[in-house]
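J.: Sequence:
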Amino acid sequence: MRFGARKTWLLVVVLFVVRAEPAESTIGQYSIQFKEHLKISNDLKLTGGHASSSLRFTCESTWKPIAGSTLHLFIAHSPDLDGSRSFLSIILNYGVLRSLRLDDHNQSVTEVTIPLPPEMLRLENEIVFSVEQFPGGRKASEIWTAIKPSSFLSIEYEEKRPALDLRLLPSPLVDSHSYRPKQLFVLLPGQLSSQTLEATALLIANYAADIGEALTVRTVRSIDAASGHLLMVGTPDEQPLTLLENRLPFGLFRVGNKIRLGMNNHGLFEAGEGVVALIEGSEKTFNPILLVTGNSPAAVSRAAGKLIEGHFEGPGTFARISQNVRTDRLPPRDWKGFLPPSNHFTLAQMGLRELKIDSQNDFSLSLPLLATPDAQFLEYGHQMTLEFRLNPDVSVENTTLDVHLNGAMLGRFEIAEFSAGSRTSIHFKIPTHLLRRQNVLNMAWRGLDGAQGKDPAAWLLPSSAVDLPRDYRSDLPDLGLLQYGMFPFGLRSDLSDTILVVPDDSADEVAAAIFELAGLLGRLVPSDRFAFGVRHLAELNQESRLSSHMIAFRIGELPKGMSSKGAVAAIHETVSPWNSRRYMLSITSTSPPALHAAIKTVFSEATLKELHADTAYIYSGRVSSFKTVPVQQIYEYSYFTHLEAWLGENWIAFPVILTTVSCLLFLGLRLALAQYKTRKYAA
Numbered sequence: 050m051r052f053g054a055r056k057t058w059l060l061v062v063v064l065f066v067v068r069a070e071p072a073e074s075t076i077g078q079y080s081i082q083f084k085e086h087l088k089i090s091n092d093l094k095l096t097g098g099h100a101s102s103s104l105r106f107t108c109e110s111t112w113k114p115i116a117g118s119t120l121h122l123f124i125a126h127s128p129d130l131d132g133s134r135s136f137l138s139i140i141l142n143y144g145v146l147r148s149l150r151l152d153d154h155n156q157s158v159t160e161v162t163i164p165l166p167p168e169m170l171r172l173e174n175e176i177v178f179s180v181e182q183f184p185g186g187r188k189a190s191e192i193w194t195a196i197k198p199s200s201f202l203s204i205e206y207e208e209k210r211p212a213l214d215l216r217l218l219p220s221p222l223v224d225s226h227s228y229r230p231k232q233l234f235v236l237l238p239g240q241l242s243s244q245t246l247e248a249t250a251l252l253i254a255n256y257a258a259d260i261g262e263a264l265t266v267r268t269v270r271s272i273d274a275a276s277g278h279l280l281m282v283g284t285p286d287e288q289p290l291t292l293l294e295n296r297l298p299f300g301l302f303r304v305g306n307k308i309r310l311g312m313n314n315h316g317l318f319e320a321g322e323g324v325v326a327l328i329e330g331s332e333k334t335f336n337p338i339l340l341v342t343g344n345s346p347a348a349v350s351r352a353a354g355k356l357i358e359g360h361f362e363g364p365g366t367f368a369r370i371s372q373n374v375r376t377d378r379l380p381p382r383d384w385k386g387f388l389p390p391s392n393h394f395t396l397a398q399m400g401l402r403e404l405k406i407d408s409q410n411d412f413s414l415s416l417p418l419l420a421t422p423d424a425q426f427l428e429y430g431h432q433m434t435l436e437f438r439l440n441p442d443v444s445v446e447n448t449t450l451d452v453h454l455n456g457a458m459l460g461r462f463e464i465a466e467f468s469a470g471s472r473t474s475i476h477f478k479i480p481t482h483l484l485r486r487q488n489v490l491n492m493a494w495r496g497l498d499g500a501q502g503k504d505p506a507a508w509l510l511p512s513s514a515v516d517l518p519r520d521y522r523s524d525l526p527d528l529g530l531l532q533y534g535m536f537p538f539g540l541r542s543d544l545s546d547t548i549l550v551v552p553d554d555s556a557d558e559v560a561a562a563i564f565e566l567a568g569l570l571g572r573l574v575p576s577d578r579f580a581f582g583v584r585h586l587a588e589l590n591q592e593s594r595l596s597s598h599m600i601a602f603r604i605g606e607l608p609k610g611m612s613s614k615g616a617v618a619a620i621h622e623t624v625s626p627w628n629s630r631r632y633m634l635s636i637t638s639t640s641p642p643a644l645h646a647a648i649k650t651v652f653s654e655a656t657l658k659e660l661h662a663d664t665a666y667i668y669s670g671r672v673s674s675f676k677t678v679p680v681q682q683i684y685e686y687s688y689f690t691h692l693e694a695w696l697g698e699n700w701i702a703f704p705v706i707l708t709t710v711s712c713l714l715f716l717g718l719r720l721a722l723a724q725y726k727t728r729k730y731a732a
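Numbering (my numbering), first residue to last: 50 to 732.
Treat each hint with caution, since some may be false.
Said to hold, decoys possible - Calculated pairs, SDA-like style, for lysine to any residue (alpha carbon to alpha carbon, straight line, at most 25 Å): (1) Lys209 x Thr265; (2) Lys209 x Pro198; (3) Lys649 x Lys307; (4) Lys113 x Leu293; (5) Lys614 x Ser674.
If you are wondering where the hints come from, they were derived from the structure by calculation, not from laboratory data.
Assemble the whole structure, with the sequences as input and the hints as a guide.
T.: Next comes the structure, spelled out in structure tokens:
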């Protein structure tokens, strides 16, 4: 009996310990689809005797891959392969996973399951498919092997608590390596100061810019309501910091009827000193909380500015910010991934590095050349000089380079005529009629041969130069241009000359609407950072009215008329009454909840494509646009740009022009000297 009782008591103790110990990890599985997640819409087709292709994928930051992960390949190949000599090799992060014989058993579409050793999986991964294939008969047609876009990776993982480090932000709040929809919970402040609204919106927008896509914002009114990673921005008067007191790396002190921040035994923080802390959420979840606070709204703004800059000296989860971070405004039309504002530029100025061209991409390369919506290409002066670096052992005797722009051939170049050792430079002109707002330059190498046993390769160098002289013209106001980087408000892509204006008596739903728009900016505007302002209507001064574009959120009745019946919002673009070179965008709904809901609809891709004219009513399933004011043409013209482009096109005329100008100057000098001499003798 004693032994049985002791055994029962021991079991109770073990169960208590197990239940009391918080879970440190969970087991999960996620499928990474080639088509949906890796954007492989067509077959990866490997042609010829030796060919390879690669793709990259990522694992989430909190994953620890475990046994059971697999790669599911759907493959097929041409019917005339020699199965005794044809193989497909699959390589993960430079380690061979498997080599498959290509024979009759997998000629038609066949699924092959390949285990993925957990120790080979990393945060960022690369899979290489390399084929060595031979025809089975003398009269064989083209030989090929295809990897189908229905293929996928199944990752088994153990989810650990995320690493908390201010230097890693926006991870773990927003994981740029995840294929799941990106979302962030934001605790609505109890009071709505414009500085707190601005700091919160800027953090959301800049984190959206960091991941390069829309960030779904879930606003909550309590900490417990957040089921994911949480952002809290505001002073102790605006946020319930006392609920987190036992987890804060600083102290809370009562001063009168106010709560103030400080360090134990060191007193209160300065009024303008910002505080940033990354703390753990509840013990039952992995959800961290990013706290941005201070003893004043100015301190909160200072802390947010440091987070946006993102440079912290060492690892840590707590920082005190005593100085403002200054960043320069982006110049107009300096859009990420677009043509630079200057008419002459290099590929490096477009943010491109060396681009490799080899068998993995079928010795071809596509280069997007995107222009802002107001760009108007000149009738002359467009040219390009492409510079390449080749493998030292590459033979170019029978090599050609085909260059196409928007499907039209610009030229076929015999590389032997241009090559100088391991480098070659190709110059060509671009007809104006081929240029559009969205351009694609295609380069295809033919006949590039390497040494025995080595694959040939070429690299497009970032020093390649481009001349695309442009004027700029637009007809405004025009809601249809909003789909192109929020133009004209996004002329400066950081929106540094744009203010979001909210009603003076803003409710929580208006703040939620601001945060909703901020989360969409990563998709709407091609930029690495944002620096817009947020103001209540009464806070607008004369300087900001004169110098800024404005996006105004309004609550009130929609204009009366047949078109407004059933509309959820009205949107109106107009020239600013204070500056004819600035614009206002008004978004009006009948209530704060309706305004919050309308933001998703107004700035969805489908709605933006339907907008035109200067006014639109937004309905649940359609858009009605109409014109209420005449448009004005905005035209930016540079005589120097035209002269420079003309001389570049007609350089042979430059000596004649120089000689003519020199002769005129000489004759003018002779006449001046003759008059001087005549006056001297007359005197």
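J.: If a hint holds in the structure, say so; if it doesn't, say that too.
T.: Right, here's what the structure says about each hint:
1. Lys209 x Thr265: holds (24 Å)
2. Lys209 x Pro198: Given pair Lys209, Pro198 is violated - Cα atoms ~31 Å apart, limit 25 Å.
3. Lys649 x Lys307: With Cα atoms ~37 Å apart, Lys649 and Lys307 exceed 25 Å; violated.
4. Lys113 x Leu293: violated (29 Å)
5. Lys614 x Ser674: Roughly 14 Å between the alpha carbons, so the hint for Lys614 and Ser674 holds.
Checked against the numbered hints listed earlier, the structure breaks hints 2, 3, 4; every other hint is satisfied.
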